[in-house]
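Full structure from sequences and hints, please.
Chains as they are written, first to last, in my numbering: chain A, 2 to 62; chain B, 2 to 529.
Honestly, the hints are just simulated from the structure, not real lab data.
Predicted, not measured: the structure shown is a model, and the values here were computed from it.
It cannot be assumed that every hint is accurate.
To be verified - Just so you have them, the derived chain A footprint on chain B, three or more residues with Cβ under 8 Å:
id : stretch
1  : 65-79
2  : 365-379
Stated by the list, open to error - Every beta carbon over 12 Å from chain A, so not counted as near; a handful from chain B, in silico:
id : residue
3  : H206
4  : Q230
5  : I399
6  : P488
7  : K519
Ideal placement from N, C-alpha and C gives every residue a C-beta, glycine not left out.
Each chain, letter by letter, is given below.
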Amino acid sequence: MLGISDPWIWGVYVLCLLSTLLCVIYGALKWNYGWEQEREEISEELAWEKSEDELEQRLGL
Amino acid sequence: MNIWILYVMVLVYLLITVYLGYKGWKATKCSEDYMVAGRNSPPYIMAMSYGATFISTSAIVGFGGTAGLFGMGLLWLTFFNIFLGIFVAFILFGKRTRKMGHNLNALTFPDLLGKRFESRFIQAFSGLVIFFGMPLYAAVVLIGGARFLETTLAIEFNIALLIFSVIVAAYVVWGGLKGVMYTDAMQGTIMLVGMVFLLAMTYSHLGGITAAHQALTNMASLVPENLAQTGHLGWTAMPALGSPWWWTLVSTLVLGVGVGVLAMPQLVVRFMTVRSSRELNRAVLVGGIFILMMTGVAFTVGALSNVFFLQEDGKIAIAMAAGNADSIIPLYVNQAMPEWFVYLFLLTLMAAGMSTLSSQIHTQGTAIGRDFYENLKRSEGGSSLLVTRIGVMIAIVIAVVLGYVLPESIIARGTAIFFGLCASAFLSMYAAALFWRRATREGAIAGLLTGTFMSVFWLVFVHQKESQALGIAKMLLGRDVLITQMPWPVVDPIVVAFPLALVATVVVSLITKPPEDKHLEKCFRGVK
Chain A
2 MLGISDPWIW GVYVLCLLST LLCVIYGALK WNYGWEQERE EISEELAWEK
52 SEDELEQRLG L
Chain B
2 MNIWILYVMV LVYLLITVYL GYKGWKATKC SEDYMVAGRN SPPYIMAMSY
52 GATFISTSAI VGFGGTAGLF GMGLLWLTFF NIFLGIFVAF ILFGKRTRKM
102 GHNLNALTFP DLLGKRFESR FIQAFSGLVI FFGMPLYAAV VLIGGARFLE
152 TTLAIEFNIA LLIFSVIVAA YVVWGGLKGV MYTDAMQGTI MLVGMVFLLA
202 MTYSHLGGIT AAHQALTNMA SLVPENLAQT GHLGWTAMPA LGSPWWWTLV
252 STLVLGVGVG VLAMPQLVVR FMTVRSSREL NRAVLVGGIF ILMMTGVAFT
302 VGALSNVFFL QEDGKIAIAM AAGNADSIIP LYVNQAMPEW FVYLFLLTLM
352 AAGMSTLSSQ IHTQGTAIGR DFYENLKRSE GGSSLLVTRI GVMIAIVIAV
402 VLGYVLPESI IARGTAIFFG LCASAFLSMY AAALFWRRAT REGAIAGLLT
452 GTFMSVFWLV FVHQKESQAL GIAKMLLGRD VLITQMPWPV VDPIVVAFPL
502 ALVATVVVSL ITKPPEDKHL EKCFRGVK
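As structure tokens, this is what we get:
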């Protein structure tokens, strides 16, 4: 198949494409999933990022 | 070669980088507005910035070249990268890491582990493992870029390494660019465009997908005698089961790197900087495609370079590269691709090197400054700035020096050693932290120490490639390896160290006092 005789190789070639497809389908189906908590999550993230900024300034990174 | 095309392209690239860096920097000055407004920023931008950190010159040049030597069996690593590194990492590990990191206000990977298990030792020790382990990974990322410069500009490798190090160091030291999504996203985009062209041109040059693969399959009889004896059965076949070649491919390259990606400190931190779980879901889509186009293309093209070199020069790829797998991709791109593409590819590699190295250096800085120094000193500020600066400087110097002294064909192996070390040391503890409430501090420490010391012991005394190069086993035991019986000298440390660390974590957790409910509630608040 695909010019490759070893099933372990053409198998993984196909598997790579299928796992990418899985990522695409999952991402597309869940595109807007969880938007209800997003506002709260963003404020949590903001608080976290402020602490990280302080750390970076302290360490000069 | 018209070198002026290169100069103009590099200049334009650097100008755009500076502009985007400035734009991002200005935006983060009013962080709150930026974050909320940024909610509607395209998920593409965010996922690309992940990808740029994930994929370095090591993946493209080092592993691509290794595929030129080993063949398409390396695609198993691509599968692991997509399935474990994106799907499982983002959905299972990412969401929990993000929530728990915020619950505990953990700012680094060791910080998260230390706070989850209420242990300063875990944080400090993990910080040291990262600080001392990562220069090897940084060194091979530098070598990857330098090998390409060496071939493209026809200059000495030593000078190429210096040039590449100076460019990347200037970028990192200039600061402010780290974590700025637009810069990373641009680098990711350049990488994506470069790899799409590379794949399309390779397949079209070799007569199409099936014809190209068939031509590679037909070359099986050309495998050099010494490689065939160790199990190499051709570039479109897995190595003979249980042969040294098979163990290296499966245990070191595929498992070491494929599993190790789950516990990479600089990638774990990325989960905490994601704005919401929704963003993580979306990033799975773009991330999956991106990794396929990076490692999938690099490994396929690396293997197919054998067909090209046979048709053009009558030799296989590793013979063309004079035995140095790290030079296969640079040679192939320079010989097979049009000039403008060679320069675009050089930018691709610069972008890949810059984004990865800046996150490596940031991780090393926080490992030494916060996780080790501030953590043990039990106070913040004061001399931690100085300690971090000196630490980062030492780490950069070690990386560059390693770049000069490491042997040829080292990129993939060096990457695998670091990824394998991270998996062995951290993965059992990290997984237990996220998924197992019964895990105890003592269990986590047992896993951390078992995984770390078993890996180091295995590298020094058992795994032949490293033990021979280090020479410590020879000095103490009078021979290169402790166990000479096959397959042990070719079994990667991760195969032994990770399961042992897992057993240690579970057994010691079960025989020690469970953590307090109050602490667990705090850690797992909102974790679903």
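Annotated coverage of the stretch 365-379 of chain B by chain A, confirmed only when three residues or more have a Cβ within 8 Å: holds (count 4)
Interface exclusion of B:P488 relative to chain A, criterion Cβ beyond 12 Å: Given a closest Cβ separation of 19 Å, the condition holds.
Within 8 Å of chain A (C-beta), three or more residues of the stretch 65-79 of chain B: Answer holds; 6 residues pass the 8 Å Cβ test.
12 Å cut-off, C-beta based - B:K519 kept clear of every residue in chain A: holds, 20 Å
B:H206 non-interfacial with respect to chain A [C-beta, more than 12 Å]: holds, 15 Å
Interface-negative label, B:I399 against chain A, beta-carbon threshold 12 Å: Holds, because the least Cβ-Cβ distance between B:I399 and chain A comes to about 18 Å, which exceeds 12 Å.
Non-interface label on B:Q230, tested against every C-beta of chain A at 12 Å: Consistent with the label, B:Q230 stays out of reach of chain A, its closest Cβ about 19 Å off (over 12 Å).
Of the numbered hints given earlier, the model fails none.
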